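Use the sequences and the hints to build the structure in full.
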Amino acid sequence: MEINEQFPKIYLYRRIVQAKLFIDDHHPENIDLNNISGEAYFSKFHFIRLFKQAYGKTPHQYLMQVRIEHARLLLNQGMPVNKACYAVGFDSIHSFSSLFKRLVGCPPSVYQQNELKRQAEMKRVPLKFVPNCFAENNGWNKEPQFSITEV
Amino acid sequence: MITKLNHVSVFVLDQDSAYDFYVNKLGFKVHTDASMGPGMRWLTVTPPEQPDLEISLMAIAEGMMFKKESAAAMRDLVAKGTFGFGVFECNDLLATYEELKAKGVVFTKAPTKEFYGFEALFKDDSGNWFSLGEKAK
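Each protein sequence line maps, in turn, to chains C and V.
The first sequence begins at 1 in the numbering used here and counts up one residue at a time.
The second sequence begins at 1 in the numbering used here and counts up one residue at a time.
If you're looking for bench data, these hints aren't it; they were derived computationally from the structure.
Misleading hints may appear alongside valid ones.
[Unchecked claim] Straight-line Cα separation of at most 20 Å, SDA-like style, residue types lysine to any residue; simulated pairs: (1) LYS4/V - CYS133/C; (2) LYS113/V - PHE7/C; (3) LYS137/V - ILE48/C; (4) LYS68/V - PHE134/C; (5) LYS128/C - ASN6/V; (6) LYS25/V - ILE68/C; (7) LYS9/C - HIS46/C; (8) LYS103/V - VAL66/C; (9) LYS117/C - SER35/V.
Predicted, not measured: the structure shown is a model, and the values here were computed from it.
In structure tokens:
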């Protein structure tokens, strides 16, 4: 049986998914969530309820999460905090930093410092990041270039 | 007493392609991506809400882990869809199914109400299959 026949309300899910994918693609822009519900042919209330049912978050909460996740990627690449803040769609460093801290558990600058340190260590001593059974199985622990020499 | 599973391996035909599939299509996060020498890479990803379970995307290549014949046999078996590596969970199966389909994920079984739950099956880019179920509400 076709999925459309089995689940006649599948078209509702398709609209919600389109809205979610729109947020994914356009999160750095000034997104008006009222417009998204309109484009999905829903009342705002109905849209929020269905979105939350599907993704466990309201569209606004989801948009904020996508922005913070994108900010993490930019910070991982070494982008300065203020640039990352504006690049993902926030217009205030304060609101960005406080939301980042709430969702990630530390301020963006601390997160970046830790992450860049971790990446440098991953390059310097990759064996620290591989469980020994896998390293042994691949013979990586016998490779001289991976010998752990703390500086 | 064992308390947790923190690493699991999925054998893939190509790590670059697997990275694209698991990160850009499934939405998983990269945990570790370390070069282990020419042509060797330790690549792990985690499901978005399970950061302490690293899924190691292991390349099937002739080398230290596989002999030539074993690598060829393993690649053949993976490509044929022999292996099922696990069961993933989502909040809403119909929405997740529609989203992953829109991103090009191939489903071998559309969402179906079974006696044990609501389930779909999909394949990764190598041919490994996974069950996708809806979290009990």
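Each hint tested on the structure:
1. LYS4/V - CYS133/C: Holds - the C-alpha atoms of CYS133/C and LYS4/V are around 17 Å apart, at most 20 Å.
2. LYS113/V - PHE7/C: Holds. LYS113/V to PHE7/C sits at ~11 Å (cutoff 20 Å).
3. LYS137/V - ILE48/C: Satisfied, since the Cα-Cα distance of roughly 19 Å is no more than 20 Å.
4. LYS68/V - PHE134/C: Within the cut-off at roughly 19 Å; holds.
5. LYS128/C - ASN6/V: This hinted pair holds, its Cα atoms lying about 15 Å apart.
6. LYS25/V - ILE68/C: The given pair, whose Cα atoms are some 19 Å apart, holds under the 20 Å limit.
7. LYS9/C - HIS46/C: Holds - the C-alpha atoms of HIS46/C and LYS9/C are around 14 Å apart, at most 20 Å.
8. LYS103/V - VAL66/C: Measuring from Cα to Cα gives roughly 17 Å; hence the hint holds.
9. LYS117/C - SER35/V: holds, 16 Å
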